[in-house]
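Participant: The lines below spell out each chain.
2 protein chains.
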Amino acid sequence: MNEFDIIKHYFNVHHHRKDVVMGPGDDCAILQVPANTLLAVSTDTLVSGVHFFADMDPEALGHKALAVNLSDLAAMGADPCWVSLALTLPEVDHDWVTQFCAGFFELAEYYNVALVGGDMTKGPLSITVTVHGTLPEGKGLLRSGAQAGDAIYVTGTLGDAALGLQQVLGKVSVPDEHQEFVRFKFEHPHPRILVGQALRDIASSALDLSDGLLGDLAHICRASGLRAQLEVEHLPLSDAMHASVSQEQGWELALSGGDDYELCFTVPELHRGQLDIALGHCGVKFTQVGRMFAGEPSVELVHNDEPYQITGQSWDHFR
Amino acid sequence: MNEFDIIKHYFNVHHHRKDVVMGPGDDCAILQVPANTLLAVSTDTLVSGVHFFADMDPEALGHKALAVNLSDLAAMGADPCWVSLALTLPEVDHDWVTQFCAGFFELAEYYNVALVGGDMTKGPLSITVTVHGTLPEGKGLLRSGAQAGDAIYVTGTLGDAALGLQQVLGKVSVPDEHQEFVRFKFEHPHPRILVGQALRDIASSALDLSDGLLGDLAHICRASGLRAQLEVEHLPLSDAMHASVSQEQGWELALSGGDDYELCFTVPELHRGQLDIALGHCGVKFTQVGRMFAGEPSVELVHNDEPYQITGQSWDHFR
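In order, the protein sequences belong to chains A and B.
Numbering-wise (my numbering), the first sequence opens with residue 4 and increments by one.
Numbering-wise (my numbering), the second sequence opens with residue 4 and increments by one.
No lab work stands behind these hints: they were computed from the structure.
Check the hints yourself; a few may be wrong.
Since the list can't tell identical chains apart, any single copy or any two copies may satisfy a pair.
Derived pair list, reagent style DSS-like, types lysine-lysine, alpha-carbon separation capped at 30 angstroms [said to hold, decoys possible]:
hint : residue 1 : residue 2
1    : Lys21     : Lys142
2    : Lys142    : Lys11
3    : Lys174    : Lys125
4    : Lys174    : Lys288
5    : Lys142    : Lys288
6    : Lys21     : Lys11
7    : Lys142    : Lys125
8    : Lys125    : Lys21
9    : Lys288    : Lys11
10   : Lys174    : Lys11
All chains, full assembly: derive it from the sequences and hints.
Facilitator: This is the structure we're talking about:
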């Protein structure tokens, strides 16, 4: 199979979107953006050996490559629509590509996202995905909208993907009954699309947690010009976390572990009632973990109202 | 500098587009697509050692990474608007990144294209660019629109980039006075944006030449269900080509050499007069090189009306 046959064989997958005027196979995709909406675009690259192990299950990798990008749309409150996939492979292993596509398209179909184009090249394994979504005009959960007094929330439980990584690296022993859970959280992050949409008129700011709460929340602090205080005793930890590490280690993984792809968002007191109702409909757990204050942009940790410190730091590729 | 500082330092370049509601630095870019237009999107990846030499001048590489993507918009007749850049680097060499950005942003500024997002990761050098443009509703130069009887045209001269590559590889000796020209054509392809826009109401089909005329024209044949006949004696060759290789070698480079980024398009007889006027305004040379016929999709070569054959084949990454 040559490059064109491969693309035709694997990537011309049927979808149900009428707004795709031209999908893969021409010079460009042509797309119909609905009237009175804004276009939301995000790009993320996953590199073998940096973001994932070279032998990672290709089905999980296909899922994750799309999931981490959809997570950015979720953090903006956008409706996912279309995706481009640039896949660089050392060689075409048909089993591998088939499984990668299975993971990718299962998630794409779940959110009715159409693959509209991309590129396939030879080279060291890496995947760049660009997702496109739409937002009602005037909406969009920016990082810059937090106000002093807003409560800080996170969805789900934190640090499980980092725990999964520690387990794979043999640094932590996760009890048998929790192994599947942490492995799944590590390999199959689920983008919080419905939560993002539900938060559009409720949250004052939001982002998705990819590098760890401590580092990611600092972006909201800088963009909003505020200080954040996190109460570590309120960090939501999973049963798997409690069963595998000490509470302090759990907090550290929750604060500085990457790859959670949960949402972190701020909510004014006025919207608290709405929040309970809106997220109740999504069936997603959410937890208040702190509050925004006036002051120099920074994230402070407290434990039972006393200052608290951890040693870890957020993941940064070029540190 | 960490990842965020790098992005802030190099990639938050001023632009003049009012349709960028949110640029780099949040979870997504937010963009305002004009009413009554369609969105055109294209993605291309350049991998070190596959698409370019690892020691390629970073300024030229920055230019080329954007140019090859803009070329896809040109081939669709779209107006360029926004671009995302996913840059994977083994390490941050500030001189290298500065020069890469100089080449990238010079071209972006020329076409008023705003960088709206992207990603920067550590790994083997590769660059994935996603460009976004707009098209008036109902327009768009598809590959599938050619009709039997349409004339086939190309812009510029063909094979110069391939000649430049042969020279770099030491397989061809280009006379001194032409060396700069072929090196420039190889490293600084210029996307034919204005030509594409001018062709919107004139051409029946179009694409850009990235893999060689022979292979690329075959895409139009397949998409349109037609046979193409190319008259090799009409292939536009540069003075540099004539001065460096035999006529037959020149035709071969023109037919099967990659990286030209000229446009190939088909025009009904009815629009021939319009074509001369429209492309005259662009100041771009264009040449009729053949004609579309009813028949099984294929590209035939003739030389003075006799069948003609070459030995080369179009570039294909996975052959």
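Participant: Could you work out which of the previously given hints the structure breaks and list their numbers from low to high?
Facilitator: 7, 8, 9 and 10
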